[in-house]
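Q: Here are the chains, one letter per residue:
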Amino acid sequence: MADWIPIALGRDVPDGVTRAVIVDGREVMIWRGEDGVAHVWEDRCPHRGMRLSLGFVRSNALNCLYHGWQYGAGANCLRIPAHPDLTVPPTIRANAYAAAETGGMVWMSADGASPAPLLPEATPVISLAIEAAPERVLAALGSSTAHPIAALPGAAGLLQLGWHRVHAAKTMLHATGTGADIAAATAQLRALRQNLEQGAAA
Amino acid sequence: MSLTDDRAALDQWYTLGALRDFPVGAETPSRLLGEDLTVRRLSDGVEVRAAGRTLPVRTDYGHLWTSFGTPEHALFALPESQEPDRRWIHCGPVRVRASGLRLVENFLDLAHFPYVHTDILGSEAHPEVAKYEVEQRRDVDELWATKCEFYQPKAAAASDEGQISKYMYRVVSPFNVMLYKTPPTAPDRWDVIALFVQPLDEAVSVAHAFMLVIDETSTDAELSAFQQMIFVQDKIVLENQRPSLLPLQPGRETPTRADLSSVLYRRWLKEKQLRFGTEPRTDLQSTDLPNA
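As given, the protein sequences belong to chains A and B, one line each in that order.
Using my numbering, you'd call the opening residue of the first sequence number 4 and step up by one each time.
Using my numbering, you'd call the opening residue of the second sequence number 210 and step up by one each time.
Please note that the accuracy of each hint is not assured.
What the hints assert, rightly or not - Computed spacing ranges between beta-carbons, pair by pair:
no., chain 1, residue 1, chain 2, residue 2, range
1, A, Asp88, B, Ala283, 54 to 62 Å
2, B, Thr491, A, Ala159, 49 to 57 Å
3, B, Glu448, A, Ala119, 29 to 37 Å
4, A, Pro87, B, Glu342, 14 to 22 Å
5, B, Ala283, A, Gly28, 41 to 49 Å
6, A, Gly28, B, Arg461, 43 to 51 Å
7, A, Ala113, B, Gln458, 17 to 25 Å
Unchecked claim - Covered by chain B, per the in silico footprint, the following chain A stretches (three or more residues, Cβ under 8 Å):
no., region
8, 45-54
9, 75-87
In short, the hints are calculated from the structure, not lab data.
Idealized CB from N, CA, C, for every residue including glycine.
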């Protein structure tokens, strides 16, 4: 997996909300506490394997839907409701990825070894799923998969495209703009998707 | 996918559904353990065929049972089926995209009541699972969990107030399980709720819920609707567990004291060397694998 990967527009994960994302075949989830901080975890509760994206946020903790196990921002389990008096061992924890938010996007890193990129603030435009390999999508944008961000050619203003690989033949684009014409950029991206998906079928 | 070669799974009795769902004179397709079947209900019996051979058939407890192999035990006993005042309620088949073993394990679980069946079988204000007892009864090869208690806002269709329900759980084979529970109207007896799982494939199952209950007021439709509502809530959880297959490898999941029955169930499945519906293990040498 590449180092830092943009996996969603920050706007699409409001405070107190969870969201499931597939990144290169892995099921991950994003949740945002009431304090506004976004977290990226494996989409799986270590207790019984329940997807945590179906869980619920209260205050700055995520609760699994199945048995209400509560995880704090540091991914450690704080509470097991079936045993209210139990001090939960620190070894019980969700599998957290390094997470960051910059340029209007939520980013994840498998190891967080290098610092997250720093991008200027930008207005969210749209996240778009394209049924085509990232290599084809990035080539059509005049870029390559060596870069986590591409620019939309010919767009008014600056339109940045983060992308992540869903699986070998599916790409998610996350578009943000600075002084961009949002309606025109959205139309341009939809046209790009149509070209790529028809090309795949041909 | 074709028929499994898992001996431990083949040598068991499985239900294909309630007998009433196989009309006399009709041929009904079915599936079990990765293999397609045909059920023919005749006026004087039932015939189950798979790939040109005829399988053994039983019709106990209003259900059709079959096996691909040679079950080690006779079909389990259900003495409550002899009691004349029991209502027999078939809750209808529900298809679930998960291992049948996950279904059984969820059925054995008390701790999810407040979160999955909120304000019905449990309440967030009373999530504690008190200590209960588990045992493997080697003479009948069954697992039992006894002395289970849980506060329930609406324990059954006939409930009009909360109660502390008493439960016993009984696993009679890897895919067949039942519970005994205090009825709201007859505290000295036990309602029986059974979950017979028909594993179609490793990660696709059909749940056949069946009740033998003491209830003089609710209609059949009310009793069945209550159980179906509960099971639809379970289905959401079951289809979102990862992996869909039950992990038997130590360390893959994290049991606590409330999961004692699950711990015993998994140990028993390992003892039987059951593989169908379990996650392939990476911690065993290939020579340790059954049938290797």
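Q: Let me make sure I understand: some of the numbered hints might not hold for this structure. Which ones are they, in numerical order?
A: 1, 6
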